[in-house]
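A.B. asks: Residues per chain are reported as follows:
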Amino acid sequence: MALPAYASPLERIWHYTYLTLCVLIFLFLIAPILIVIPLSFNAEPYFTFTEKMLTFDPEGYSLRWYDSLLTFGMLNPEAPRDGAWWLDFWQNAQWMQVTKHSIIIGFFSTLVATVLGTLAALGLSRPEMPFRRAVMAVLISPMIVPIIITATGLFFFYSKTGLANSYPGIILAHATLGIPFVIITVTATLVGFDSSLSRAAASLGANPRTTFFKVVMPLILPGVISGALFAFVTSFDEVVVVLFVADHSQQTIPRQMWNGIREQISPAILAVATILVIISIALLTTVELLRRRSERLRGVSPR
Amino acid sequence: MTDATAQLTTADGKPLKAALAASLARSRRRAFLLVAPLFLFVLITFVVPIGQMLMQSVYNDTFSTAAPALGKWFDEHPPGSEIDESAYAALASDLKLMKEQKTSGSAGTRINYDISGSRSMFTGTARKADKFEPPYKEAILSVEKKWDNPNIWRAMRSASSPLTIDFYLAALDMTRDDAGNIVSVPEGQAVYKMLFGRTMMLSLAITVICMFVAFPIAHLLATLPLAKSNLLMILVLLPFWTSLLVRTTSWMVLLQSQGVLNDLLVWLGIIGDDGRIQMMYNRTGTLVAMTHILLPFMVLPLYSVMRTIPPAYVRAARSLGANSFVAFYRVYLPQTLPGIGAGALLVFILAVGYYITPALVGGADGQLISNLIAFHMQKSLNWSLAAALAALLLAGILALYWLYDRIVGIDNMKLG
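Chains as they are written, first to last, in the numbering used here: chain A, 1339 to 1641; chain B, 7 to 422.
Where hints are given, some of them may not hold.
[To be verified] Counterexamples of contact, computed for chain B against chain A with all Cβ distances above 12 Å:
1) 29
2) 126
3) 179
4) 342
[As the list claims (entries may be wrong)] Think about it this way: if two alpha-carbon atoms lie no more than 20 Å apart in a straight line, the pair counts; the simulated SDA-like pairs of lysine to any residue are:
5) 1498/A x 387/B
6) 1498/A x 112/B
7) 234/B x 1362/A
8) 108/B x 85/B
9) 105/B x 126/B
10) 234/B x 1406/A
11) 23/B x 13/B
12) 199/B x 234/B
13) 234/B x 1622/A
14) 385/B x 1563/A
15) 234/B x 1623/A
16) 385/B x 369/B
17) 1498/A x 68/B
18) 1390/A x 78/B
19) 78/B x 142/B
20) 20/B x 32/B
21) 102/B x 85/B
22) 385/B x 1585/A
23) 105/B x 81/B
24) 199/B x 221/B
25) 137/B x 126/B
26) 234/B x 1360/A
27) 102/B x 125/B
28) 234/B x 1354/A
29) 1498/A x 47/B
30) 143/B x 160/B
31) 1498/A x 264/B
32) 152/B x 199/B
33) 234/B x 1356/A
34) 102/B x 47/B
[Said to hold, decoys possible] Per label pair, the in silico range of CB-to-CB distance:
35) 1546/A x 20/B: 21 to 29 Å
36) 1529/A x 317/B: 21 to 29 Å
37) 1366/A x 152/B: 32 to 40 Å
38) 196/B x 1349/A: 34 to 42 Å
39) 1348/A x 53/B: 51 to 59 Å
40) 1341/A x 275/B: 33 to 41 Å
If you are wondering where the hints come from, they were derived from the structure by calculation, not from laboratory data. Cβ coordinates follow ideal geometry from the N, Cα and C atoms, glycine included.
Starting from the given sequences, assemble the full structure and let the hints guide the process.
C.D. replies: Structure follows, in structure tokens:
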């Protein structure tokens, strides 16, 4: 995107305006996410930079909001921090409880979505699949239909079938929401899949199962893992279905954040947000590495 | 050498045509069996619940099961017949039944959707239902005078059949007048049409803003060398991977009247300390936060289309005498249209159904139709109306989804 030597002054001015514009847009994209990180170390209960923070005075910074995350909901938060304190934390601290719920729900819904989604993607990417387009449209629709409609439907359905306020209910719902992501990522991986490889395996005497596990699976694994990560993030971030069909004993991290934001927003929420941002950076890095590996495996040169 | 006219056969003697058909059928069956489990799963956990919700929007039997005698009376007497002693006798027997089964509250709530204030009539009169003696008309009217209001009887008549389109009428700001004709509600009470309109306008505004904001950076990403653009792409993908609630929280922090942006403006001297701008809990908040959240959905399809446009085309246009604006407008822009279309449709579809962000930063006038559905589900408990609103929204979304599939194709959806 270098400027040619023959560019006129007007073009030069426009070129630099354009670059400035791009920088501003990138700033708009990224700044709101990064701004919560320093603010979560604020020593005061404010949502803006205090004078001490701006002058990098150590007194302006503190870990008090992270500490309040640990102790919130504990029976005896003032006790000395020994084994008993940490046990109390593990059993009673509110944020610890919701983290456990989130991980349980996320794990099982990811498992369901990934296994079923990968199988379906294998079927969908075969050219002989009947009604391919219509089936695909139905399977992707949970991503398109507004979450409030899904939640409303599930509310009626679960209250009649007794799945309301239970783990299986939320896990099934979250699996449904994660499925479109698995299908999209796995079918994208399968686009470049050379089906003569599985035919070669079959001609060398491998039965279909061996072919799948020894030849197909290793090649599509990066796509499957990315899909699983997408599904997990979807569940980990989902709040509306939980609002509608869960009760107190299945509260998740986003549900607890929702409470925190609606009732009395304190910088403790920013501490949670910071942790979540760090998690998403880690996930993004993983997915990016997987994508590159997948491209290398399939012999697709980067575009 | 086989004779050309003889049938071709496979090694085991089957006709080749039949063998091919059987093998094709087998592979079709195999592909179908791979998809079947998931299809069933989605059918049960997604399609059936939504179907049930659609059912709820036209079927509400809370009143008809609580008041069987009235239902019978309405069947026997056509609309417009006089509300005589026999009607009050039916009412009295139903009120007794409601008292026994403790359904006066829910039955009253159903009528209350149409005529506010009528719930207390049911609960209050049902409490004394045991003491009613003939003539019932005077007995009931002595407890609660409002029972001779013809509107109540009209509402009870329409509620006495479980199948009704009344909730759709309500969702479209319509009601029935005294004679039972469908009319629009008075100006002041019309909320839903206005909200549908506002949802459309805001989503359209967000889509257009996203289009203009995404275009330059998608272009930059597509023209930079791959190593650099992959690095910059992270800046687009990170918001995509970050929790929705985190992004909404960040905007709350930024936009608050005591927040970072206002502080910055005060510090720069653009506004005074007392002139802090209210950027949150109104439409601006919804607009800004949702643009930020939906922007990656616009950048990604645009980028993947722009990557495939050979730079030689613009160069050729320039060498043929076009200035840079004409080369962009006549040569480059038309080639990006598929990407613009795909991104705009996706952003619009997602924006129309948004719930979380407007609920948190929208305040009163930044609410969208989803928020009203949630309100009727959780606060006013008028589930059938919520279902009717949801059905209308769903119909719109599915039409757009169909359009998206026709124009873009679902297979072409990309996630980073």
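A.B. asks: Confirm or reject each hint.
C.D. replies: Each hint tested on the structure:
1. 29: violated (10 Å)
2. 126: holds (27 Å)
3. 179: Per Cβ check, residue 179/B is outside 12 Å of chain A; nearest 20 Å; holds.
4. 342: Given that every Cβ of chain A is farther than 12 Å from that of residue 342/B, nearest at about 16 Å, it holds.
5. 1498/A x 387/B: Holds, because 17 Å separates the two Cα atoms, which is no more than 20 Å.
6. 1498/A x 112/B: Holds - the C-alpha atoms of residue 112/B and residue 1498/A are around 18 Å apart, at most 20 Å.
7. 234/B x 1362/A: holds (18 Å)
8. 108/B x 85/B: violated (29 Å)
9. 105/B x 126/B: Holds, at about 14 Å.
10. 234/B x 1406/A: violated (41 Å)
11. 23/B x 13/B: Given that 20 Å is the threshold and the Cα spacing comes to 9 Å, the pair holds.
12. 199/B x 234/B: Distance of about 48 Å is beyond 20 Å: violated.
13. 234/B x 1622/A: holds (17 Å)
14. 385/B x 1563/A: The given pair, whose Cα atoms are some 41 Å apart, is violated under the 20 Å limit.
15. 234/B x 1623/A: holds (16 Å)
16. 385/B x 369/B: Between residue 385/B and residue 369/B the Cα gap is close to 17 Å, so the pair holds against 20 Å.
17. 1498/A x 68/B: At roughly 15 Å apart (the allowed maximum being 20 Å), residue 68/B and residue 1498/A satisfy the hint.
18. 1390/A x 78/B: Distance ~77 Å between residue 1390/A and residue 78/B Cα, so the pair is violated.
19. 78/B x 142/B: holds (17 Å)
20. 20/B x 32/B: holds (16 Å)
21. 102/B x 85/B: violated (25 Å)
22. 385/B x 1585/A: Given that 20 Å is the threshold and the Cα spacing comes to 16 Å, the pair holds.
23. 105/B x 81/B: violated (23 Å)
24. 199/B x 221/B: violated (33 Å)
25. 137/B x 126/B: OK: residue 137/B and residue 126/B at ~18 Å, within 20 Å.
26. 234/B x 1360/A: With a Cα-Cα distance of about 14 Å, the restraint between residue 234/B and residue 1360/A holds, given a limit of 20 Å.
27. 102/B x 125/B: holds (16 Å)
28. 234/B x 1354/A: holds (18 Å)
29. 1498/A x 47/B: Judged against 20 Å, a Cα distance of about 18 Å means the pair holds.
30. 143/B x 160/B: OK: residue 143/B and residue 160/B at ~17 Å, within 20 Å.
31. 1498/A x 264/B: violated (47 Å)
32. 152/B x 199/B: Status violated; Cα separation ~31 Å.
33. 234/B x 1356/A: Roughly 17 Å between the alpha carbons, so the hint for residue 234/B and residue 1356/A holds.
34. 102/B x 47/B: violated (46 Å)
35. 1546/A x 20/B: 21 to 29 Å: With Cβ atoms ~22 Å apart, the hint holds.
36. 1529/A x 317/B: 21 to 29 Å: Between residue 1529/A and residue 317/B, where Cβ atoms are some 25 Å apart, the hint holds.
37. 1366/A x 152/B: 32 to 40 Å: violated (58 Å)
38. 196/B x 1349/A: 34 to 42 Å: violated (53 Å)
39. 1348/A x 53/B: 51 to 59 Å: Holds: the Cβ-Cβ distance is about 57 Å, inside 51 to 59 Å.
40. 1341/A x 275/B: 33 to 41 Å: Holds: the Cβ-Cβ distance is about 35 Å, inside 33 to 41 Å.
Hints 1, 8, 10, 12, 14, 18, 21, 23, 24, 31, 32, 34, 37, 38 from the list above are not met by this structure, while the remaining hints are.
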